[in-house]
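So the sequences go chain by chain: H and G.
If you read the first sequence in the numbering used here, its first letter stands for residue 6, the second for the next number, and so on.
If you read the second sequence in the numbering used here, its first letter stands for residue 2, the second for the next number, and so on.
For the record, the hints were derived by calculation from the structure and aren't laboratory data.
Treat the hints with caution; some may be incorrect.
To be verified - Interface residues of chain G toward chain H, partial, derived using beta-carbon atoms under 10 Å:
hint, residue
1, 116
2, 126
3, 129
4, 133
5, 134
6, 146
7, 150
8, 166
As the list claims (entries may be wrong) - The list that follows gives simulated cross-link-like pairs (lysine to aspartate or glutamate, EDC-like), each with its CA atoms no further than 20 Å apart:
hint, chain 1, residue 1, chain 2, residue 2
9, G, 177, G, 192
10, G, 18, H, 69
11, G, 199, H, 69
In this text, a Cβ means the ideal position worked out from N, Cα and C, and glycines have one as well.
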Amino acid sequence: MLKKRLIPKLLLMEGRTVKGVAFGNLRDVGNPVTNARIYNAQGADELIFLDITASQEKRGILYDIIAQTAEECFMPFTVGGGVRTLDDVRRLLLAGADKVSVNTAVVENPDFMREAANRFGRQCMVGAIDYRQDDNGEYRVFTHGGTVQIDKDPLTWAFELQELGVGEILLTSIDRDGTNQGLDLEITREIADAVDVPVIASGGVGTLAHLAEGFKEGHAAALAVGSLFHFTDQSPIKCQFYLKGEGIDVRIGQ
Amino acid sequence: MIAIIDYGMGNLLSVRKAFEYLGEETIVISDPQQLQEASRVVLPGVGSFPDAIMALSAKGWLDVLQRQIVEAGKPFLGICLGMQLLADEGEENYPCKGLGWIKGKVKRFLLTDKGLKIPQVGWNEIRPTGNSPLFQKIREGDTFYFVHSYHLVCGDEKDIAAKCHYGEDFVAAVQKDNIFATQFHPEKSQDNGIKILKNFIELKA
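Chain H with its partners taken away, still in its complex shape:
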């Protein structure tokens, strides 16, 4: 059987790992290459790196981090943040990324995803959906690191991304991000049940029970986790043992 995946998510800013709440209030949580080594040793199933470095000039730092991680962590990496062109995708893949996550660039130019999926294969392309409730209580997709609202609901956008050729969807609730209050199970389940590609759910995991809920009630194929690993003494392998005990089919770090 295919295992449910647990994926540490590292938010990068100017060469450091950071973590915030609802996409703001960032705190430094260490050196990303060191973080990656630790999660690798603790049996994480994959890693996600999302670069939020504002300036394009400092982009080179990201390639270095990926290349250094690839030296000794023999596991899949997804890399995203500021990916706008086919050349950006190619450069990340050459640096050692296996999958590239894209948000803003697809909203602005859907053909970009179609072309990228054709050229690099759909298994390389991850569609990232950041969403939150707007003032009217409607769920809406956001781009530009959660700052620009788009007139689309996450489910509709998930279908469109699937049509454009993404191989996976990385679904993040901005409202839950960094809050430790648990995943948005309702939206996660709605989208995971509706689309044919795997959904990685993210935003809000603060306890072991939240992980189990994400799989059992959210129907996610994978969970991306930041705060739980950065700020508590939980590790991927401890979480896997817990999930196994809860009857969820996970890999126990090898």
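We have chain H; now place chain G onto it with these hints.
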């Protein structure tokens, strides 16, 4: 020296790093003539079947591979698409002839159970089926990392080295003489994957 074939498809860096981690000298080659110097050959690959065959053919790989691998018998490891290309034929996008080293066809997953997603992405348990030296020290139930929508259906049961299950049983690895190939990514499968690559470099050339 392990030659890793660069034909414009796939993540070569990870494969190279994994062999270097094991202390092996590697060379990434994009000119078929360089294959002569290699003692072992790896064909990675991510992308679509027809694109890959066209790229190999355009750069003149087909004849050289036939001579060096099939005739001269150098140990060969195909990974992911690099395994599928060994089949007689693929059906991705449109029917397309493969290398024809392993009898069989490459087909898309037929998933009747609606809960299963395509591509299969993630860690799955394998079951070695024969005594392939590639699977030394690997046990039934060990997990490996897969990313694929298509799989090789073998025409000859004895070419199968390992199986896996995703909605249906499918072939996770093949071996025929000096030709080895895995549908999963050993270079992305942590310790178990490293064991597979180690087994490959320890094969007698």
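So, as I understand it, the hint says residue 129 of chain G touches chain H; can you test that by seeing if any CB pair is closer than 10 Å? Residue 129 of chain G check fails; min Cβ-Cβ to chain H is 16 Å, beyond 10 Å.
Given residue 166 of chain G as an interface hint, is its Cβ closer than 10 Å to any Cβ of chain H? Holds, because the Cβ-Cβ distance from residue 166 of chain G to chain H comes to roughly 7 Å (cut-off 10 Å).
Hint check: is the beta carbon of residue 134 of chain G less than 10 Å from a beta carbon of chain H? violated, 21 Å
Next pair to validate is residue 199 of chain G with residue 69 of chain H; report whether the Cα-Cα distance is within 20 Å. violated, 27 Å
Per-residue hint verdict: residue 150 of chain G, partner chain H, C-beta under 10 Å: holds, 7 Å
For the pair supplied as a hint, residue 18 of chain G and residue 69 of chain H, confirm whether the alpha-carbon distance does not exceed 20 Å. holds, 15 Å
So if I understand the rule, the pair passes when the alpha-carbon distance is 20 Å or less; does residue 177 of chain G with residue 192 of chain G pass? Between residue 177 of chain G and residue 192 of chain G the Cα gap is close to 25 Å, so the pair fails against 20 Å, i.e. violated.
Just to be careful: measuring from the Cβ of residue 116 of chain G to every Cβ in chain H, is the smallest value less than 10 Å? holds, 8 Å
Does residue 126 of chain G pass the interface check with chain H, least Cβ-Cβ distance below 10 Å? holds, 7 Å
Less than 10 Å between beta-carbons is the criterion; does residue 133 of chain G satisfy it with respect to chain H? Since chain H brings no Cβ nearer than about 20 Å to residue 133 of chain G, farther than 10 Å, the hint is violated.
Using the nearest Cβ pair, does residue 146 of chain G come within less than 10 Å of chain H? Hint on residue 146 of chain G: holds, closest Cβ of chain H at ~6 Å, below 10 Å.
The structure fails to meet hints 3, 4, 5, 9 and 11 from the earlier list, while all remaining hints are met.
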